[in-house]
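Q: The residues making up each chain are set out below.
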Amino acid sequence: MSITNKITVKRAEIAVAVILALCSIALMIKSAENRITWNAEENMGAGFLPFYLSLGMLICTILTIIKFVLKRSPQSKDDNPFIDAVAFKFIAVTIISLVVLVLAIGYLGIYFSLIFFLAFYLRYFSEKSIAFITIFAITTPILTFLFFEWMLKIPLPQGISEPLFYPVYDFMYGGFSFAVKMIFIILTVVLPTALVFLTTRFIK
Amino acid sequence: METVGFLLDGIFTSLQWFNLVLLIFGCLIGLFVGAMPGLGSVNGVAILIPITFIIPPTAAIIFLAAVYYGAMYGGAISSVMLGIPGASTAVATVFDGRPLAVKGEAMTALTAAAVGSFVGGTVSVILFTLFAPPLAEVALRFNAPETFALMVMAFATFVGLGGDDVPKTIFSILIGLALSTIGLDLITGKPRLIFFNIPGFLHGINFLVLAIGIYGIGEMLWTLEETKGKVQMSKLSVNMKEVGRAFGALKKTIMAMNIGSFLGFFVGILPAAGATPASLMSYGITKQLSKNSKEFGEGVPAGVVAPECANNSASTGSMLPMLTLGIPGSPTTAILLGGMILWGLTPGPLLFTQEPEFVWGLIGSLYIANFFTLVLNIALIPAFLMVLRIPFAILAPVIFVLCVTGGYAPTQSLHDVWLMLLFGIAGYILRKLDYPVAPAVLSIVLGPLAEKALRQSLILSDGSMGIFFDISEKPIAAVIMYIAIVLLIMPAFGPLYRRFYKKKQTA
Amino acid sequence: MSIIKKLALVVVSLSLVAVSSVSSAKPFSPKKPVELIIPAGQGGGADEIARLVQGVIEKNDYASKPVIPINKSGGSGGEAMTYVKKKAGDEHTLIITLNNVLTTPVNQPELGIDFFNDFTPLARLITDTFLVWIATEGKNTAGVETFDDFIDLAKGNGLVMGGTGSMSEDELLLGMMRGQFGFDAKYVPYSGGGAVAKGLVGGESDFTLNNPSEQMGFYQSGDSKALVMMTPERNPAFPEVPSSYELGYPDLEYYMMRAFMAPAGIDAEVEKYYTGLLHTVYHDDEFQTFNIDDGKLMSWLEGFGLKDFLAIEYEKHGEIIKNFN
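Protein chains in written order, with our numbering: chain A, -4 to 199; chain B, 114 to 620; chain C, 67 to 391.
Hints listed in this document are in silico derivations from the structure and should not be mistaken for laboratory results.
We treat Cβ as the ideally placed atom computed from N, Cα and C, and that holds for glycine.
Hints are supplied without guarantee of correctness; some may be wrong.
Here are the simulated lysine to aspartate or glutamate pairs, EDC-like style, with alpha carbons at most 20 Å apart [stated by the list, open to error]:
no.	chain 1	residue 1	chain 2	residue 2
1	A	5	B	277
2	C	131	A	74
3	C	205	B	586
4	A	5	B	338
5	A	25	C	176
6	A	148	C	124
7	B	545	A	74
8	A	84	B	339
9	C	205	B	339
10	C	97	A	165
11	A	66	B	547
12	A	148	C	156
13	A	1	B	338
14	A	176	C	124
Just the calculated beta-carbon pair ranges, DEER-fashion [unchecked claim]:
no.	chain 1	residue 1	chain 2	residue 2	range
15	B	466	C	388	44 to 50 Å
16	A	32	C	245	23 to 29 Å
17	A	21	B	134	54 to 60 Å
18	A	72	B	365	36 to 42 Å
19	B	586	C	369	54 to 60 Å
Just chain A, same shape as in the assembly (with noise of 0.2 Å):
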């Protein structure tokens, strides 16, 4: 009897049921921060909105509950597993690893983040070899890099690693002619990424 069986659908209905309704609670509560009166003399006050509309929050999920608990949802009579075990599993991995990720980019860096990443998730979901899961998880953060860095300009958190791209940038706008650039960008992208689909082809 695992800890996935003993979570019904039921049991995880009202649980959410109940949870909203705390959550619109504390948003009320925070709503009224603000002044949530609207009269005549005075303009709607900033917290009238998000207040009502966290009241009406609340008496939906109230109004779930009074559903479940007269059993007039299909959910509140459902005894079967919310989620079954391994499911569970897969979605647990990928969350945690997911919450990792979102850490590590904000110490490490998205670029060496993404490596790490993508080589754990590869490796625990696919049957890919490690040569595959290397190239993959290299060549991805550089594409990335290229398209957000150098074409769009939009410059993505590079945490502890930044100094490590310093030489980069100066590659990038030094005076370098076009040709060299694009010798670069071959040398970078096309040939890991050429190999990555020569490895799906043949290594598997």
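We have chain A already, so just place chains B and C on it with the hints.
A: Here is chains B and C on its own, set in the frame of chain A:
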């Protein structure tokens, strides 16, 4: 007829070979940027403004128009192929585009998107050419009460969009609206709902964060559960028969094309509205008027055509308030406006008479860009379909990477990436419990527009709601408001009417 | 897992190499693209100047790395200021100012922004002016020809004023005028100067206090007219509009400053570099022509002069806000 001459000049200028190369290059950049979640034409146009200092203004406009249109098409590609809206304007395209792709009819969805976009673009250029000056006057008279009435109408068109569970549907609408109030209150200048004093909440919740979270992360988790990671996408063959079938499916979407083109253009010319509300409204109305409205959301070509047609039509339309009133309807037109000012052009009522070459050159190149993007799009469909052949285990992490960069890029804040992750997980759980998620996404888009217009109107009327219903003072607002109320009430009477009708038949 | 370990080793060793190579002393020049934070949305006055500066730098290769404008419009500049505050010591971040950098730290004390210690002022390039605008065919302002006509009208009737947002420059200005002339108006906030201008011509508001560039289109077409410019002298872009000094209201003087600041804690070397860069931009012909045509005042100020100016303005705005509340 002078305008037609200028328009033809504009078209011929874009067809010179140097400009044509720029145009195709611009379309490709636009397609690519548009297809990336979180990035849209605004990013493409922003990087190009400095470049336009170097190339001549005419070429610059053509380039920008190409990027603009390319991005409008590109948004649909990721909506269909990945299930993530590539741009804000393509949110409604996900509703039916994604189910079509899952059903194995991605070809139909992409063709519908491309042809719909083209039709929308064409109709809007014709409307623009014929009616630009009088419409500018309409846009000028369209103020806060009118905008609010329009927003109520937009909400009214979504009544049918929810699920079967009424409290859960209303909850979804309300939470979207409540989330949209986060950030600085425009009217009082006070910060609202800044949880734990985190500065990231000060800019509010960009609805792309919610959309990417729910449709990107949430959808991936959903698929992961359904398939347990062992999904093998069906092999798709691209041959002439398939192409023929895809075009055949478009015959049934004539109504959607009409609604999308005209409604899209009209909403587009209104200041502060723009292509996103246009595409959402067009979807809602097409669904309500359709004979098989039950099938919407499960994958019908009309559900792709309507929003795509509307967003392209609206993007041409939104040039009107930008050019004549100096009011950008979207961040992209805002940057374009900045560019115009830098080129020494003053947007305003005189622009049409003082700089006709510029105005009609822009419209002409938009049209040519529209045509070339259609050609490119149809030609590239096989390439887009390759995405479906990528094994899920590889596609999933790539989509996560796109979600993370897409959540970060618009506001440059990691805070939004966290929110996106949170919305993704919450959206997944809620969806499993039959909470519809689409209404939340819609209301976070329209919420800020509606709130601002409502409160501006109430200041003007000293707090009286009568301002929206006074047919002699504000005829436009009142008429729209009454239509909206009829639309709101209609679904409630639908079942009654049917029951009555049935009784009469059996009697 | 061994692959991850190997990669980690590579990363660590590479970063060591990079860090050691950076710390050699040379005159400063940016090592990566410079972020130019705009505490307002796309399409506004600050955005326009920021993108102009970006364009001028890029076109003439004034800097070795590009300048990238980033809009952080949240919380009346609160978001942008918090961001820059957190970037203390960062050599690749600049912020362009609106006057909201003077008011937001006072209005939103919970952000904990210390205007004098969280930023390094670099230079002021431009000051933008304010004018009182009415629609030529405004139904409530018919017959108003001069600013004095306007004051008389406004005293008796509750006119509607369109503005760019609560506690923004123009609402403070309205507060100032209320004190000076004894009239009040209903303030309707819009999002952005363009929308304000349109609201005026569209008949929703009776008057506005727009910057020149925001009304330029309607001014040229004759849809709107200006009654007074809040400066000591007339502006060549609006030759027939009297200045407030001429009309005998020298207290009615107000400007929007377009200055650039860096985060706190940067080296003097870095400060010198950016000030020099801005100076080059300031003297660029294209930059000058564009701004003068647009009715802006070219007003270079740096160093102690700038610091004094900011201190005075900060004080003045604190006073205005106090009176306003």
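Q: Hints the structure violates: just list their numbers, smallest first.
A: Hints 2, 9 contradicted; others consistent.
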